[in-house]
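Visitor: Residue numbers (my numbering), protein chains in the order written: chain A, 1 to 543; chain B, 544 to 799; chain C, 800 to 1106.
Keep in mind that the hints were calculated from the coordinates and are not lab data. Computed from a predicted model, the values in this text were never measured in an experiment.
Derived, one-sided and incomplete: chain B residues facing chain C with beta-carbon distance under 7 Å:
#1 Thr651
#2 Gly734
#3 Ala735
#4 Leu754
For each label pair, taking beta carbons as the anchor points, the in silico distance ranges come out as:
#5 B/Ile636 - C/Gln854: 29 to 35 Å
#6 C/Ala1002 - B/Arg628: 34 to 40 Å
#7 C/Gln853 - B/Ile636: 33 to 39 Å
#8 B/Ala694 - C/Ala1002: 25 to 31 Å
#9 C/Leu869 - B/Ile636: 17 to 23 Å
#10 C/Gln853 - A/Glu161: 40 to 46 Å
#11 A/Ser169 - C/Leu869: 46 to 52 Å
#12 C/Thr820 - A/Ser470: 45 to 51 Å
A few chain C residues that don't get close to chain A, going by computed Cβ distances all over 12 Å:
#13 Pro862
#14 Ile863
#15 Pro1014
#16 Leu1080
Where is the CB? At the ideal position from N, CA and C, for every residue including glycine.
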Amino acid sequence: MIPLRVIWKLILLALLTLVVGVAGHVDGGYLTTAYALLVQHEATLFYGLTLSPSGIDPHVNASSELGIPLRSVYDTLVYRTGRSPEEVQQFVPGLAESWEVSQDGLVYTFHLRRGVKFHDGSPFNAAAVKVNLERIVDPAIKSQKAAFLLGPFRSVEVRDEYTVAIHLSAPYAPLLDSLSQVYLGMAAPQSLARWGVDYQFHQVGTGPFRFEEYMPNDYLTIVRNDAYAWGPRIYAHQGPAHLERVVFRFFTDPAGRAIALQAGDVHVMGEIPPTDAKRLQQDERFAIIPVPIPGQSLGLILNTQRPPLDDVRVRRALLFATNREEIVQAIFGGFSPAATGPLTSATFGYVEMPATLVRFDPTEAVRLLEEAGYVDIDGDGVRERAGQPLLLDAVLMTWGSLPEVAQLLQSQWKVVGVQLQLRTLTYPAALEVARTGDYHLIPQNYAGSDPDLLHTYYHSTSAFNWSRVSDAVLDDLLERARQVSDPAVRAKLYAQAQERIMELVLLIPIRDPVNLNGVSARVQGLRFDAQGWFPILHDVQLQ
Amino acid sequence: MCLILFGTAAASFVAPYDPLTTAPTRQFLPPAIDHPLGTDLLGRDVWSRLVWGGRLSLIAGIIATGLAVIPGSLLGLLAGYLGGRVDSLLMRIVDMALAFPTLLLALTIVSALGAGLTSATLAVGCASVPRFARIVRAATLSVRYAPFIEAARTIGCSPGRILLRHIAPFVADTVVVLGSLELGYALLNIGALSFLGLGAQPPVPEWGLMLTESRAYLSVAPWIAAAPGCAITLTVLAVNLLGDALRDALGLQVHS
Amino acid sequence: MLILIARRLVGAIFALWGIATLVFVLLRVLPGDPARTILAASGASETAITQARQQMGLDEALPIQYSRYLWNLARGDLGRSLFSNRPVLLTLAEQLPSTFELAVAALTITIVLGLGLGVLAALYVGSWVDRVTVGIAVLGVSTPLFWSGLLLIWLFSLALRWLPASGAGSWRHLIMPATLLGFVGAAPLARLIRSNLLTALQADYITVARSKGLPEALVLLRHALRNALLPSLNLIGLQAGFLLGGAVVTETVFARPGLGRVVVDAILWKDLPVVQGAVLLVASTYVVINLGVDLIAMVLDPRQRES
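Excised from the complex, chain A in its bound form:
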């Protein structure tokens, strides 16, 4: 028999645990910043990110999510103006006041701005640039993007306190573009040395906002840098930012994004699903800012070495059997253009592919398949050749509505007798599959404002050559295009490269990615930089 007091004790215990729980979270530092501040500071902007990145050191990691907050923490040597293809080749001074390029294109000399201070108080100078660039190319930090952006980097030379020269082993036209990206942002050498591998939690730059705190899966906060007086021309105003603080939070579940915006949890939310975007457009309390992202179009890369895709006729048949308009209309609600080639229309050097290369033409698709020897003999709806059915294996990832896109592809290709099998993998698993070549189709979507990213994905020697193509013509075009400095000549070479890629049918392009940002009407002056993903928070005001 249990005495009654024991029962009371049990109830008391339950209450006690509740009290402890409540007390525990009151002084357990994890909430002190974000939510307490919402009440205290009117000038705090809450910004919803779509995934919690696995690492946020811009020199090391590659995700676009990291750049959204950190673009405002770091300044870059140069900045790029505008987002439309006509303006993109204009670079304006940032931390570098001016620069020259040597005749042979191998030496870039930068004259640095004076009087710039890092958030930790240390001065910005040529030595700091040297430390940063040498850190990025150091194999020990396993850079996933920044090191690639530096291309044929050889060394960096400090000429004097405010003059620095970058030496290349081959001419590399995209260098200025690279230096304008947050991945090559200038970090304080003192703090890099102090924090070592933990630097990503203690980032220090020269930008309009200071990095305050990052709690993975929870929030990332940046606060205004009151000493900021060296904003580039792309900022609408000089001096310190308007906002006092920006709190970033992570929303991995797409179904919850629009709700969080509507419920007032955040002021800005990225990657709103198109159906919600349409709904929010009707609501005067919110606006949708669609931002086309320069870089690769969302599409599926074809493995040209795995039968039956080693036959260009089969690849072209798949391309012609694909109704991109239908996919874009159904899944992306017409918010984004259907892609015709490897680059999005917001990218420098983009050309629309002629209908001879890319079009929806199921009759021609059927003809090509038959020409390649694929006929449906047993009448099961799937074509076969020499007893081998036309069965393709597509690797998918969960982002970018890829599962939905692939399901429509499945039905579209079924019509011409091609069977498509889908398997969804995580990013690391997909990378592993990409390495072994055990796939027919694999998605690719890499943002970047310089078309040199085609070199990364379609040059025969590249580690990311997932189409496994080895084409002398294409290699030559991509090599020349990255070496020529004249933008007009580059554009022409990239036009040829894009056509070559579609002639060889190395991918099935689907759409130009457009980031649908849901924004509360209280937010004023929100613009996005040349990379598309990254907001210019310096000019944002909250009413």
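With chain A's structure known, arrange chains B and C on it following the hints.
Guide: Chains B and C only, in chain A's frame:
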């Protein structure tokens, strides 16, 4: 319950459309006569997908339950009957395995096997084996020392015979009741794995996956999410009530 | 009594060791090479990958790996995350408060709701109250969390605007996820309490109490409930494990920080040290809670002290 079973078994007669045929121009149609539950993002008939999906989900759930119940029961019977060293060793292992939450264990297994409905089913089943072993052992223990077992032993019945003829039928009641409850958990867990992207792969019309896919369109087309959502709830509810009814009918008292 | 407690403690330590071993085995069996996984994103060469494997000690014989693993564990060193390069202990410690808060709140709701519904159902056994309460309890276990969670958000955050839709940090953030999780746990508890109560009500001492003319409710609460509670205690211990499984989904739906998310991501990304650390943490919490439950039961129930 019968209705659900019947409906899904006769999927090909009940479903007016092919569950995989897409018609993007007919997306998000509200429920009407030709589409009793409307259409989804890709213009597929939700009712047809629901019926076909029910078949898949139920089969997956039943297999997962079987995978949990059969080895679990055998282990539990053995441990309970043999007792001593074997029992304590088996139960130690089971206790350790029990320390892993079922869903986590299933997640780990799926990530080893690769995502998919088959591996999700396997994982959910395997992850529940220890729980079952424990329950069946308890039930076995409760009859192990009963006079009629002692009697059987004294008249010289072989251990195998005692286990099969005398203990197993007694334990079977518990197994049937808990198995029916387990089916509900299995359905939910397979659904949860689909939600986390590790269960059924598109375009398979599994309920958990259908629900996951349609959650994002709750504001424009609530019927697409409501259909699989209610279907899962109703099925699990039915299964649970069935379990309760069985329990009452068999006059059982089941402790977990 | 003390000897019994000591024996239990030793058993718990053994269980922890066994769990550590189980984790080790499970993770080595997983296909995929962590060295390759981290380096693949940077397009590293084969030699770089081999080097990384050496650095991580992955090329050594399993027994050596195992003994080093145990030694590190004994020193409280869980290693560093393969991706963020942070100490695993720190990574987990950061996420712990949020999950702990959720678990405690959910468990409280489980106990209060389970007890309340169970007693109510037993009091009015056979009547409509019984059926309704059992129905509510069953409904709780019949709905996928990722579906009911979204419905709650729609109702309370969007339609009624009472509660924040996402995040953590205040009691208002806690209400929906904790209720949801607690509700799921309450169902089995309520049923167990109901059936235990009904059994207890048939016992002789209850008949005695009734014959003394005590009101039915008093009989139930003072006499029957005491005996019905004990077996339920074990169930509450078992719920602890379930809570973390449920937290995985709940944390995703409510965009809450916490261990659940960390574990899922770590499993998906094959971040072995983090998976190892998190699973060990969860499993040892479970062992400790169950040890506590056992001890409480021992104190409360003389029969268990003797056996």
